[in-house]
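A.B. asks: Each chain, letter by letter, is given below.
Number of protein chains: 2
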Amino acid sequence: MDNIKGYIDENKDRFLDELFGLIRIPSISSIEANKPEMYKAAEYWKQLMLDAGADKAVVLETEGNPVTYGEKIIDPALPTVLVYGHMDVMPVDPIELWDTNPFEPVVKDGKIWARGADDDKGQAFMHAKAFEYMVKNDCLPCNVKFMIEGEEEVGSPNLPKFCQEHKEMLKADIILVSDTGMIAPDIPSITTGLRGLMYWEVEVTGPNRDLHSGLFGGAVANPINVLAKMITQMVDENGHITIPGFYDDVIEVSKEERAMMAKAPFDVEEYKKAIDVKELAGEKGYTPSEHTGIRPSFDICGIWGGYIGEGAKTVLPSKAHAKISTRLVPNQDWEKISVLFKDHFESIAPDSVKVVVTPLHGGQGYVCPIDIPAYQAADKAYTEVYGKRPVPVRSGGSIPIISTFEEILGTKSVLMGFGLESDAIHSPNENFPLEQFFNGINTIPLFYKHYAELMKK
Amino acid sequence: MDNIKGYIDENKDRFLDELFGLIRIPSISSIEANKPEMYKAAEYWKQLMLDAGADKAVVLETEGNPVTYGEKIIDPALPTVLVYGHMDVMPVDPIELWDTNPFEPVVKDGKIWARGADDDKGQAFMHAKAFEYMVKNDCLPCNVKFMIEGEEEVGSPNLPKFCQEHKEMLKADIILVSDTGMIAPDIPSITTGLRGLMYWEVEVTGPNRDLHSGLFGGAVANPINVLAKMITQMVDENGHITIPGFYDDVIEVSKEERAMMAKAPFDVEEYKKAIDVKELAGEKGYTPSEHTGIRPSFDICGIWGGYIGEGAKTVLPSKAHAKISTRLVPNQDWEKISVLFKDHFESIAPDSVKVVVTPLHGGQGYVCPIDIPAYQAADKAYTEVYGKRPVPVRSGGSIPIISTFEEILGTKSVLMGFGLESDAIHSPNENFPLEQFFNGINTIPLFYKHYAELMKK
Numbered sequence: 026m027d028n029i030k031g032y033i034d035e036n037k038d039r040f041l042d043e044l045f046g047l048i049r050i051p052s053i054s055s056i057e058a059n060k061p062e063m064y065k066a067a068e069y070w071k072q073l074m075l076d077a078g079a080d081k082a083v084v085l086e087t088e089g090n091p092v093t094y095g096e097k098i099i100d101p102a103l104p105t106v107l108v109y110g111h112m113d114v115m116p117v118d119p120i121e122l123w124d125t126n127p128f129e130p131v132v133k134d135g136k137i138w139a140r141g142a143d144d145d146k147g148q149a150f151m152h153a154k155a156f157e158y159m160v161k162n163d164c165l166p167c168n169v170k171f172m173i174e175g176e177e178e179v180g181s182p183n184l185p186k187f188c189q190e191h192k193e194m195l196k197a198d199i200i201l202v203s204d205t206g207m208i209a210p211d212i213p214s215i216t217t218g219l220r221g222l223m224y225w226e227v228e229v230t231g232p233n234r235d236l237h238s239g240l241f242g243g244a245v246a247n248p249i250n251v252l253a254k255m256i257t258q259m260v261d262e263n264g265h266i267t268i269p270g271f272y273d274d275v276i277e278v279s280k281e282e283r284a285m286m287a288k289a290p291f292d293v294e295e296y297k298k299a300i301d302v303k304e305l306a307g308e309k310g311y312t313p314s315e316h317t318g319i320r321p322s323f324d325i326c327g328i329w330g331g332y333i334g335e336g337a338k339t340v341l342p343s344k345a346h347a348k349i350s351t352r353l354v355p356n357q358d359w360e361k362i363s364v365l366f367k368d369h370f371e372s373i374a375p376d377s378v379k380v381v382v383t384p385l386h387g388g389q390g391y392v393c394p395i396d397i398p399a400y401q402a403a404d405k406a407y408t409e410v411y412g413k414r415p416v417p418v419r420s421g422g423s424i425p426i427i428s429t430f431e432e433i434l435g436t437k438s439v440l441m442g443f444g445l446e447s448d449a450i451h452s453p454n455e456n457f458p459l460e461q462f463f464n465g466i467n468t469i470p471l472f473y474k475h476y477a478e479l480m481k482k
Numbered sequence: 026m027d028n029i030k031g032y033i034d035e036n037k038d039r040f041l042d043e044l045f046g047l048i049r050i051p052s053i054s055s056i057e058a059n060k061p062e063m064y065k066a067a068e069y070w071k072q073l074m075l076d077a078g079a080d081k082a083v084v085l086e087t088e089g090n091p092v093t094y095g096e097k098i099i100d101p102a103l104p105t106v107l108v109y110g111h112m113d114v115m116p117v118d119p120i121e122l123w124d125t126n127p128f129e130p131v132v133k134d135g136k137i138w139a140r141g142a143d144d145d146k147g148q149a150f151m152h153a154k155a156f157e158y159m160v161k162n163d164c165l166p167c168n169v170k171f172m173i174e175g176e177e178e179v180g181s182p183n184l185p186k187f188c189q190e191h192k193e194m195l196k197a198d199i200i201l202v203s204d205t206g207m208i209a210p211d212i213p214s215i216t217t218g219l220r221g222l223m224y225w226e227v228e229v230t231g232p233n234r235d236l237h238s239g240l241f242g243g244a245v246a247n248p249i250n251v252l253a254k255m256i257t258q259m260v261d262e263n264g265h266i267t268i269p270g271f272y273d274d275v276i277e278v279s280k281e282e283r284a285m286m287a288k289a290p291f292d293v294e295e296y297k298k299a300i301d302v303k304e305l306a307g308e309k310g311y312t313p314s315e316h317t318g319i320r321p322s323f324d325i326c327g328i329w330g331g332y333i334g335e336g337a338k339t340v341l342p343s344k345a346h347a348k349i350s351t352r353l354v355p356n357q358d359w360e361k362i363s364v365l366f367k368d369h370f371e372s373i374a375p376d377s378v379k380v381v382v383t384p385l386h387g388g389q390g391y392v393c394p395i396d397i398p399a400y401q402a403a404d405k406a407y408t409e410v411y412g413k414r415p416v417p418v419r420s421g422g423s424i425p426i427i428s429t430f431e432e433i434l435g436t437k438s439v440l441m442g443f444g445l446e447s448d449a450i451h452s453p454n455e456n457f458p459l460e461q462f463f464n465g466i467n468t469i470p471l472f473y474k475h476y477a478e479l480m481k482k
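Chains A and B supply the protein sequences, listed in that same order.
Under this note's numbering, read the first sequence as residues 26 to 482, first letter to last.
Under this note's numbering, read the second sequence as residues 26 to 482, first letter to last.
Certain hints may be false.
For chains that are exact copies, the list does not tell them apart, and a pair is met inside one copy or across any two.
Straight-line distance between alpha carbons at most 30 Å, and here's what the computed DSSO-like set of lysine-lysine pairs gives [said to hold, decoys possible]:
| no. | residue 1 | residue 2 |
| --- | --- | --- |
| 1 | K133 | K65 |
| 2 | K254 | K303 |
| 3 | K65 | K97 |
| 4 | K97 | K30 |
| 5 | K254 | K367 |
| 6 | K379 | K303 |
| 7 | K367 | K297 |
| 8 | K379 | K297 |
These are calculated hints, taken from the structure and not from any lab test.
Computed from a predicted model, the values in this text were never measured in an experiment.
Sequences and hints are given; from them, build the entire structure.
C.D. replies: If you want it as structure tokens, here you go:
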């Protein structure tokens with residue numbers, strides 16, 4: 026494994042060319058019309074797997090977007106690593122805030138700039154190249170399977186069924202995922218906890234048509250005013266979510282663990298400066314890291330209603346809409362939360378409006394124990410590349426499918442992320458530092474080496 | 026004046042053709058790009074005035090959209106009526122809710138269907154045809170002036186200056202306006218009060234870019250959540266607007282007057298049915314007619330922020346916006362209210378966001394005394410056409426320029442409206458019943474006759 030750096034050096038232009046080909050496919054999964062792009066991305070991944078040395082690679086259908094599966098089984102007696110990643114990306118709105126075309130990657134200031142540069146095209150691609158290295162240099166110590174899906178950004182609605190139907194094919198000792206981040210380029214970390222998620226769209230209807238706000242204003246409930254009030258009622262002044270029963274299954278993290286978490290470097294002033302806010306917000310009694318790491322949150326992801334064009338239109342609109350999400354902590358069940366929210370939201374609606382709540386997607390939270398061989402192997406790999414041990418952290422993000430893997434396949438996941446906070450995933454000007462990209466390709470084969478060794482014991 | 030019905034009958038097809046030509050010009054004043062259409066509409070009006078018998082008609086520039094002015098002075102010793110109307114119309118969003126092209130008028134079910142069919146192309150056009158009748162039949166008993174402007178729907182920002190600069194030209198004994206409605210086709214009414222208006226756009230900025238709602242949610246204030254809360258705080262649970270000082274200049278209407286108002290026919294069940302709501306809303310202690318007639322209101326006309334596309338995008342957005350309006354009652358000053366709102370709205374913003382409040386337009390309320398000759402002439406004219414005396418009503422709508430006319434020109438206005446609530450002005454499928462249109466053309470010459478007679482006494 027000593028020549029991995031040399032291999033990266035020799036092939037880095039080709040690596041980028043291949044990644045850029047993948048990025049240029051606008052595989053936005055939330056837009057139905059982009060389906061043909063999903064198939065292009067799936068075929069592209071199939072070729073990547075075959076070129077890297079897979080014995081076989083196939084594009085498999087689901088009821089939604091396809092999954093590309095590939096494998097190289099060198100010895101059934103050896104442990105098997107299942108690499109999971111996703112080929113789909115987030116929408117690019119607001120497009121006017123991008124400095125470059127989101128689907129035409131550019132290298133500038135030592136970073137790749139594009140939608141998917143990090144999440145998750147860039148990160149998943151590192152695994153293809155690490156695998157290629159191990160195959161070409163005859164040092165692959167485990168069996169490898171790849172499952173690259175196309176619906177992660179919309180909550181993987183068809184992957185659970187896919188896993189059910191392909192349990193045998195997907196059998197593995199560990200699932201390896203790079204779809205998270207580390208604290209800083211010089212502070213490696215491994216995500217050991219993920220928040221769950223529930224996402225709804227709500228529609229509030231007042232009068233059956235847009236009304237003149239002068240002729241009717243004051244007598245007829247305005248659905249925007251009502252929606253604003255209903256949203257406001259969902260969180261109290263202490264930042265607690267008011268849905269009855271919402272916190273019932275939340276396991277309070279112990280004082281000891283919170284003290285350990287508090288040791289992770291976190292500069293609140295830097296944090297505020299990076300996003301340009303004067304003050305943070307959040308639930309009373311918890312720190313910002315705790316707000317995102319161990320506590321649920323309630324965010325309006327989008328809102329619209331009435332006249333939103335240029336200038337002034339005096340209207341009392343018929344409808345108002347919002348996209349509402351809550352992040353859940355491990356042990357909260359999204360299906361239960363989905364019902365609690367719907368019941369509560371409908372119950373607080375005044376009789377002057379009609380409310381429709383549509384659940385869009387959900388997923389459970391996840392915790393990875395730090396004493397399993399796979400975690401320890403990852404720990405060693407990072408330590409060798411970065412020169413210091415990675416910090417185990419609880420992330421605020423959600424990869425709902427991770428807990429589903431455990432449920433259906435009975436397999437734990439290790440989240441070897443190489444993203445940085447400044448990568449602006451889900452935002453305009455997403456980027457991925459070349460250094461992190463190449464470090465990732467460098468770190469992954471070391472994981473395989475240590476994992477195979479630890480599994481022998 | 027006895028042959029007016031015959032004249033309408035002979036010319037009704039031509040009247041409609043001419044009106045439809047005007048309606049086909051998409052003169053939406055809130056859209057800057059539509060400026061050329063405003064000039065087309067202004068020229069169209071010039072020709073209408075000349076064709077009807079004006080001695081002169083001119084398109085006059087303002088800093089915004091043009092004003093078409095025309096006049097026929099038959100005898101300087103006679104009273105002069107200044108007809109005011111507007112050639113501009115509201116935007117047509119949401120366009121998908123229109124059954125027909127808003128700018129291609131259709132006659133169906135006895136109604137004209139189009140944007141501006143009522144407000145105010147249809148209603149203003151009645152005056153051109155009533156004038157034409159009186160000229161052609163040699164029974165014009167007053168001098169007539171026409172002032173048709175192009176910015177009423179955006180608050181007439183340039184008309185006050187125009188009035189200042191053309192005081193002499195616009196000199197008149199009364200201003201006659203058809204830009205309001207009546208209670209029902211069989212219950213004629215004349216609007217004697219108008220609410221004032223103030224309209225703002227607000228922008229709430231949280232983080233400097235859209236953030237991942239998982240990684241940041243719970244620690245960083247979400248500008249949509251914050252905007253919703255700020256909006257909610259503006260009105261208390263009794264429907265009172267909470268802006269300090271907001272009600273200071275509101276003159277409480279006496280018990281006697283409220284008792285008179287309560288005699289106007291109003292069927293709350295019919296009202297709710299027409300707009301399909303189970304319950305009305307509004308300030309505690311007042312009736313629905315009072316809510317819109319004599320009390321201020323606070324409506325969000327539009328709201329937007331975050332992801333509003335198809336499907337789910339988990340984002341903690343950078344910005345949220347709203348278009349906010351309040352209707353004011355006579356004696357409330359919009360400029361004072363504008364400052365009170367801005368100060369209050371900014372003061373309740375938490376430190377976690379930045380707020381920008383932009384006033385878009387405003388206007389004062391207006392009251393017309395029912396003992397002036399012009400009101401009495403209108404009363405007689407309606408009585409003759411509709412067979413019953415019109416009810417004087419306070420309308421919730423605003424025509425801000427009406428109070429400005431009084432301030433600058435020293436002239437009162439009489440609001441002879443022929444619109445109906447079902448005309449859906451400012452909404453999709455705006456329409457105007459042919460019967461009201463022709464009744465209007467029938468009623469206006471009678472107003473002139475009685476007005477000239479009453480002014481002789």
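A.B. asks: Can you name, in rising order, the numbers of the hints this structure does not satisfy?
C.D. replies: Nothing - there is no hint that the structure violates, so all of them hold.
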